[in-house]
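Engineer: This is what each chain is made of:
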Amino acid sequence: MHRPRTLYEKHIDSHTVCTLDDHGHVLLYIDRQVANEYTSPQAFSGLREAGRKVWRPAATLCVVDHVNPTAPERIAAMPDAGGARQVSYFEQNCRDFGLELFDVLDKRQGIEHVVAPEQGFILPGMMVAAGDSHTTTYGALGAFGFGIGTSEIEHLLATQTLVYKKLRSMRVTVRGELGPGVTSKDIIMALIQRIGAAGATGYAIEFCGETIEALSVEARMTICNMAVEAGARGAFMAPDDKVFAYLKDKPRVPRGALWERAVASWRELRSDPGAHYDSEVELDATALQPMVTWGTSPDQAAAIDGRVPDPQEEGDPIRRQDLQRALRYMGLQPGERLTEIRISHAFIGSCTNARIEDLRDAARIVRGRRVASHVRAMIVPGSTLVREQAEAEGLAQIFRDAGFEWRQSGCSMCLAMNDDVLAPGDRCASSTNRNFEGRQGAGARTHLMSPAMVAAAAVSGHLTDVRRLSQES
Amino acid sequence: MQPFTHVSGVAAPMLAANVDTDVIMPKQFLKGIDRSGLDRGLFFDLRFLADGKPNPDFVLNQVPWNRASFLVVGPNFGCGSSREHAVWGLKQLGFRALIGTSFAGIFFDNCQRNGVLLIQLGEADLQRIGRVVSDPWGAHVSIDLEEQLIRFGDGERVRFDIDPLRKQALLLGLDAIGSTLQRTEQIRAFEAAHLRANPWLA
Chain C
804 MHRPRTLYEK
814 HIDSHTVCTL
824 DDHGHVLLYI
834 DRQVANEYTS
844 PQAFSGLREA
854 GRKVWRPAAT
864 LCVVDHVNPT
874 APERIAAMPD
884 AGGARQVSYF
894 EQNCRDFGLE
904 LFDVLDKRQG
914 IEHVVAPEQG
924 FILPGMMVAA
934 GDSHTTTYGA
944 LGAFGFGIGT
954 SEIEHLLATQ
964 TLVYKKLRSM
974 RVTVRGELGP
984 GVTSKDIIMA
994 LIQRIGAAGA
1004 TGYAIEFCGE
1014 TIEALSVEAR
1024 MTICNMAVEA
1034 GARGAFMAPD
1044 DKVFAYLKDK
1054 PRVPRGALWE
1064 RAVASWRELR
1074 SDPGAHYDSE
1084 VELDATALQP
1094 MVTWGTSPDQ
1104 AAAIDGRVPD
1114 PQEEGDPIRR
1124 QDLQRALRYM
1134 GLQPGERLTE
1144 IRISHAFIGS
1154 CTNARIEDLR
1164 DAARIVRGRR
1174 VASHVRAMIV
1184 PGSTLVREQA
1194 EAEGLAQIFR
1204 DAGFEWRQSG
1214 CSMCLAMNDD
1224 VLAPGDRCAS
1234 STNRNFEGRQ
1244 GAGARTHLMS
1254 PAMVAAAAVS
1264 GHLTDVRRLS
1274 QES
Chain Z
9 MQPFTHVSGV
19 AAPMLAANVD
29 TDVIMPKQFL
39 KGIDRSGLDR
49 GLFFDLRFLA
59 DGKPNPDFVL
69 NQVPWNRASF
79 LVVGPNFGCG
89 SSREHAVWGL
99 KQLGFRALIG
109 TSFAGIFFDN
119 CQRNGVLLIQ
129 LGEADLQRIG
139 RVVSDPWGAH
149 VSIDLEEQLI
159 RFGDGERVRF
169 DIDPLRKQAL
179 LLGLDAIGST
189 LQRTEQIRAF
199 EAAHLRANPW
209 LA
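Taken in sequence, the protein lines are chains C and Z.
Numbering follows the numbering used here, in which position 192 of the first sequence is assigned residue number 995; successive positions increment by one, without gaps.
Numbering follows the numbering used here, in which position 189 of the second sequence is assigned residue number 197; successive positions increment by one, without gaps.
The hints are simulated quantities; they were obtained by calculation from the structure and are not laboratory data.
Glycine residues also receive a C-beta, built at the ideal position from the N, C-alpha and C atoms.
Each hint should be verified, as a subset may be incorrect.
Taking beta-carbon pairs under 8 Å as the criterion, some of the chain C residues facing chain Z (in silico) [said to hold, decoys possible]:
1. 828
2. 841
3. 885
4. 889
5. 936
6. 1019
7. 1054
8. 1057
9. 1245
Next up, chain C with everything else stripped away, as it sits in the complex:
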């Protein structure tokens, strides 16, 4: 009898070229990489300086997403000289090293973690690494994805491997039915709030339970995507029929007999009964409510009916200082009701929540309503194909009629590396993943929430419990 293994251990074992020591280091083979224009340039320069080639060019897909403008009219030009230089060097690198590129005018362009699943580039059982922390998204497809820095991108391009230290395993079991207006974003935000921004540091999280099984594949992506905000270096779910159905007609998946063979193999991708986890967390989905962040770290969050906490109630002096600093930055008072927080901006976008289902969720709230007069509201679809589909379904018109800007795809105001930047003091309801100081612009204030909650805030002008609006509509 073999020792029962977790799915994480199976992923690692099946990709281990060799063991490097008895402290958990292995040389790990990587099946796929996605690259962007901003974290890759120095990696390519490193290859050029050393005269090295890309080991397996077909394993890498390059997408322009971080620095491009998202103005409604698509143009090839970048908003600034730095972005233009990065995109032009990216194009040169793709040409010189023989890599496939979706440039800004490509119909398939979009945010890398939306594009890669959409193209069927990521399959169950794959080991995926990319120069972006939200590579964890691919766990929703039964792959294992993790973010790496630029030096590791260079290592991966040159060798198709990484020197990797095995993580500990955490199982997060979510049980019960989600209430109306509560989404997968609320599951992951509640988990981060509960275990903390470093609660899963050093861990790979396996999500399971009937609540997860009931979610769509896109909703699962939101959870795996944002697990990195709890420190997880990978988050995944066992692939099921929903995943196979999601993938079946995607452009790059295997066809015919090879597809059948692949699916049969993917069905084996489950943790063995009795496998050991280093940590276990259980969440009761029936107790969850729509979540919002009030601070400057993703774990500084509460249910929408809550209040801003009082730092005086924190016993630990360093934590008290952190809280005070967060409230000062956010311009909030202890005890303030979250639903009384007035916003100036609303943003629906990012690899966390800008897929077609997210836009449908938001449109359900927006239909027949107007964006509050003091709010600038933007929708940046996760990919150009998502944008097209939303237009075909009439969602774009709903957003435009309500006063939303309907824009082109890119990472945009999630990290504000392009020209979509907030001004100091702006306050944004955002469907993104990070509420860090300055994330959406120096001095700007971010409140994270689900896309439907952003829509509710946009039409109300302040943070709002989406369930009140859904009852009215």
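Got chain C; can you put chain Z on it based on the hints?
Structural biologist: Frame of chain C; chain Z shown alone:
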């Protein structure tokens, strides 16, 4: 990679939790295609006031920590974005090692690949070191990687653990890609078998 053997210098306390890489290296410094100029961007919004002058309240603008080689940091330092620019900036401003209780995973690997030593200690040790180096007279320390020791001005020593593989790479300043490429045949053999067993991956 610059080897790390034995380094002496000033350690600056920065004990806030969850200092993220957006704070370490803000977005306006990410537009390069090389590694230059990142010393200017490091902790930009903390180091400089709106008028561009150094913020006198920020520890790295105060004597003796303005010439620090080490940071003593709060939990989950380096969380968030994968941007290696954060580590390049730390190196360019002269930081050789960080001492903390926990570091974010990608940041941890990025430091290792740039020869920046990360030392992980327990909560109690870290709080004590934070207090010691917050006193200008106690800020000077030396770190001996070979012996795995931090030595303080008053003669006190704190031992730290490190994986032998990481230690060796730092001590020798090893080129990771060069080391891995010595296994080219092994990688090729693995790849061939892997793609044979899972032909849909090819």
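Engineer: Evaluate each hint against the coordinates.
Structural biologist: For each hint, the structure was consulted:
This hint holds: residue 828 of chain C has a C-beta 5 Å from the nearest C-beta of chain Z, less than the 8 Å allowed. A least Cβ separation of about 6 Å between residue 841 of chain C and chain Z falls short of the 8 Å threshold, and the interface hint therefore holds. A least Cβ separation of about 3 Å between residue 885 of chain C and chain Z falls short of the 8 Å threshold, and the interface hint therefore holds. Hint on residue 889 of chain C holds. Least Cβ distance to chain Z is approximately 6 Å, under the 8 Å limit.
Taking 8 Å as the C-beta cut-off, the interface hint given for residue 936 of chain C holds, the closest approach to chain Z being about 4 Å. Taking 8 Å as the C-beta cut-off, the interface hint given for residue 1019 of chain C is violated, the closest approach to chain Z being about 24 Å. Interface hint at residue 1054 of chain C: violated, since its Cβ lies 14 Å from the closest Cβ of chain Z, which is beyond the 8 Å cut-off. Here the hint on residue 1057 of chain C is kept, as its CB sits about 4 Å from the closest CB of chain Z, short of 8 Å.
At about 6 Å, the closest approach between the beta carbon of residue 1245 of chain C and any beta carbon in chain Z falls short of 8 Å, and the interface hint on this residue holds.
Comparing the model with each earlier hint shows violations of hints 6, 7; every other hint is respected.
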